Amino acid sequence: MKKVSMAFAAFFLLAGIYANTALAEDYPTKPITIIVPWGAGGMSDVTARMLGEKLKAILGQPIVYINKPGASGAIGLQTLKTAKPDGYTLASGALTLAVTAPYFLDSEKFKVDDFAYVGSYMPQERVLFTAPGKPYKTWNEFIAYSKAHPGEVSVGSGGAQWALEVMKSIAKKENIKWKYVMFKSGGAASSAILGGHVDACETGTGTPAYQAARKGDLVALADLGTDQVPFLPAVKNMKDLGYTFSTALEYGMAMPKGVPEEARAKFENALKKVMEDKELKELMGKTGFTPRFVTGAGYKKIMQKVIDDTPALLEYVKDVK
Amino acid sequence: MYEQLLGGLSLVLMPENLLWAALGVTIGIILGSIPGLTDNMGIVLLLPFTFYLSPIAGIALLMGLSKGGNFGGSIPAILFNIPGTPQAMVTCIDGYPLTQQGKSGKALKQALYSSALADACSDLLLIFLAAPVAIIALKIGPPEYTSIIVFSLVVISVATSAYPLRGAVAVILGLLLGTVGTDPVFGTPRLTFGLIELSDGFHIMPMVVGMLAFSEVLIQLEQEFISRRERKSAGKETAEVAMVSGQDDPENHKLSWPEFKSTLPAIFRSTGIGSAVGIIPGIGTTVGSYLSYIMAKQWSKTPEKFGKGALEGVAAAEAGNNAVNGPNLIPLVTLGIPGNLAAALIMGAFMMKGLVPGPMFMQTNGEMLYALFIVLFLSNLFTLGIGYFFIRHARNVTAIPKSYLFSGIIVFSVIGSYVSYASIFDVYAMLAFAVLGWALTKFKINLPSVIVAFFLGPMLETKLRQSLSISGNDVSVFFTKPISLGFLILTVVAVVFLLKRRKTLVA
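Keeping their order, the protein sequence lines are chains A and B.
Residue 31 is where the first sequence starts when you use my numbering, and the numbers rise one by one after that.
Residue 769 is where the second sequence starts when you use my numbering, and the numbers rise one by one after that.
Treat the hints with care, since some could be wrong.
What the hints assert, rightly or not - FRET-style restraints, in silico, Cβ to Cβ:
id, chain 1, residue 1, chain 2, residue 2, range
1, A, Glu138, B, Met1128, 51 to 57 Å
2, A, Pro92, B, Ser822, 18 to 24 Å
3, B, Glu1027, A, Lys316, 37 to 43 Å
4, A, Thr112, B, Ile1183, 21 to 27 Å
5, A, Gly246, B, Ser778, 39 to 45 Å
6, A, Thr112, B, Val1264, 54 to 60 Å
7, A, Asp56, B, Ser822, 55 to 61 Å
8, A, Thr112, B, Ser822, 47 to 53 Å
9, A, Lys164, B, Leu1258, 40 to 46 Å
10, A, Thr63, B, Glu784, 29 to 35 Å
11, A, Gly181, B, Tyr820, 53 to 59 Å
12, B, Lys1073, A, Gly246, 53 to 59 Å
Think of the hints as simulated: they come from the structure by calculation, not from any bench.
Remember, predicted model here, so these are calculated numbers, not experimental data.
For every residue, glycine included, the Cβ atom is placed at its ideal position computed from N, Cα and C.
Take these sequences, add in the hints, and give me the full structure.
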C-alpha cells in the first residue's frame, strides 16, 4: 500500500514539475478543476457552469466541477487552500460569503493572502421583502411599525448569517426588538414569506422571492448591500439609508496562494473576455443575475474589506438578542 | 390551457425529445439499481451535457433519469435485500422474502407496474391541479411542518416494530445522529469533535449505503462463517448448495391479472399518501413509501403476510415512493422552489438555459411547461417498457456467486459514499455506519426507521425552532394553527388505533 502511494506521489510530483515548467507559454495543458463550495443547482453552481462553458472554449481545456458544500462555503474554500497551487484548481462562487463563514461559525479563519484572486463576475444584493398585505410598504414605515410593536415583528433570512447580523445592527441602531428566524436557503425563505409565515424576510437576488417581487407579489423594503437591485431600482440600500454595516456578496474565482502568476493572469484574461460575451450577458440577465467583471486585484480588495469588517459587525451586535 | 397543451404536444412529439427521455430512463434504471449510485448523481454528471441540447430534450433527459432511478432502486432491494436508492429500502421488507421464495420475477413486475402506475397518477395531479395544490403547499409553514414531522415519526416508531419501544429506540437514535453538525439557529458546532467535515452533520448517502448495503455484506459474511464452523463441527467438507426452490418454475415469475388486481387498492391508497407527502417540499420519497407501507398493512385483509413476501407490501412501498414525484415538482413549476434535490438540479438546468422556473414561467413559457408535463407523463411508458426489459435479465444476476456480488457491492459502497461530496471522510463514516447497522440488527432495531428519523430530525429541529422564534417562544402556536392542530390530533388517534389494532392481531 505504502509503495503504491509512494509511486502515486512520485507520479504527481513529476506531473507537477512538468506542468510547472510547461506553464509560462502553454498553460493550460490539462483539464481544470473548479471547486464550487455550494451544492449543485444553487446560484454559485449555476453561474460557475455558465461561465465554465465559455471559459472552456477560450482556454481550450475541459473543466471538471466538484461541489463541496457545507459550513456556508468554508469547507470548499478550505479544500482550495490545501490544493496544489499549479493553476489547475480553483474555486468559484460567492467567496466573500465563504471567507466570512468561519467568523459566524467560530472556526479556523482564512487570511486574505491564502488565495490568489482571478477576479469576480457578479455582485449579489440581499433584499428584505415583505408581503403586500402588511401595514407597511416602505422602509420608514417598517421601522416605525417595528418600534411601535416591540418583539412582535419577525424577520427571517434565507440562509445568510451575515445578513441576519446586519439586521441586528439595524435593530441596535434604531432601538428595535425583532424576532429573528433563520431559513436553510433562499428557496425555503421564499416559501415562508410567500406563505405569510414571517413578517419580513431577506434573500439574495435571483431567488423565487425576488422573482415574486419583480412580478409585484412581494414588496422589497430595503437592500442590505450597498449596490443596486436589478429590476427594482427604487429600493434603497444600506448606504442610502445611513447604516454602517452591509452585506457584500461578490461571486468570483480564486486559486490557492503560490500559484504561478502567468497562470493566474491568463485565467483572469479569459474571465474578462468571457464577461464581454454578449450571449452570456443576456443569459445571465434573463435569470436576474447581474454580470460585472472585477479584476483579481479588485477582488482581493473586496475580500480584504470583508475580512476586516466582519469582526467589527459581530462585536457591534453581540448584545442584540 | 388546452391551447398550451396542444402547443406543448407539438413541441414534444419530436423523435429526438423522446429519444433523450428514453435514454434518461435507461441510465436512471442502471444507476438506481447499483447501490451507492443514485439518479441524483446521474443528474449532476449529465447537467453540463444538457447545455448542448434543446431545453426540452435536456430536461427530458434529466426527468427520465429521475424516474428511471426511482424504479431502478427496487431491483437490488428485491433481489439482494440491498436498496439501490434510499427510498427503495421499504421495498426490501416484502420484496426480498419473495426472492427467497423463488418469486423474484413476480416481485420485480409488481414493483415495476406499481411504480409506473403511481407515477403516472401523480403526474396527472401535477398537470391538472398544480395551481390549487401550490396554494396548499404555501399554507405549510414552520408550525405545520413540525406537527407533520412529529406525526410521521410517531407513526413510524409505533407501527414498524412488534415492540413499540424498539421502534422508539430506532427513531430516537436516528434523531440523535441528526443532531450532529451546526446548530441551525446559533451556528454553534455540535458533537463535531472539531472536525470541519462534520460541521454539516453526517451526510445521508454514507449512512444509507453503510447501514443498508455494506452492513448486509457483513451480515452475510457472519452467516457464512457460522455455517462454515457448523459444517466443520459436523465433519462435512463442502457446503450444501442451498437451492432456492421454485426458482425455475416460470409460473413464479409471472404476475397474473387477479394478483395485480388484488394489489390495486393498496396502489391507489399509497398513491394518495405519496402524493400528499409530495405536496410538502422536503419530506421526501422515503417517508412517502414508509407511511404508505405502514398504512397498507393496517388496511390489508391479510396483514399477517406483510414482511413475509406480500405483493401488497411491494406495491405499497413502490407506489408510495413514486407518487411523491409529480407533486414534488409543483412548487418548482408554480413558485420556483425546488421540492427535492432532483428538482433543485433540474432547476439549475433550467437556469443555465436562461429560463427561470416560477410564477412568470407559466405565463411566458406556457407551451414549454406543458411540453415538459407531457414528456414527464410519457416517461412513465418508457419506464414500463425499458424496466420490463431490465427485469427480464436482472433476475439472472442472482446466479452470480456471492463472493463476486459482494465484492462489487463493497466497491460501489465506497464509490457511492465518496462521490457526492468528494470526501474520504464520508467513506470512513460509511464504514462506521456499516458496523453500527450490523450491531443494531443484533438488537432487532429497524434500520429504515433510524434512517428516516435521521433524515427528518434536522428538519424537525429547524422547523420547531423557527416556529418558536416566530411566535416568540410561545408553544401555543402549534395548537392555534388549524393544520398543525389537525396533525397533532391525528397523531394521537393514530397511536391509539395502531396500539389497539396490534392487540387484536395478537389475539
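List of violated hint numbers, smallest to largest
Result: hints 1, 3, 5, 7, 8 and 9 break, sorted rising.
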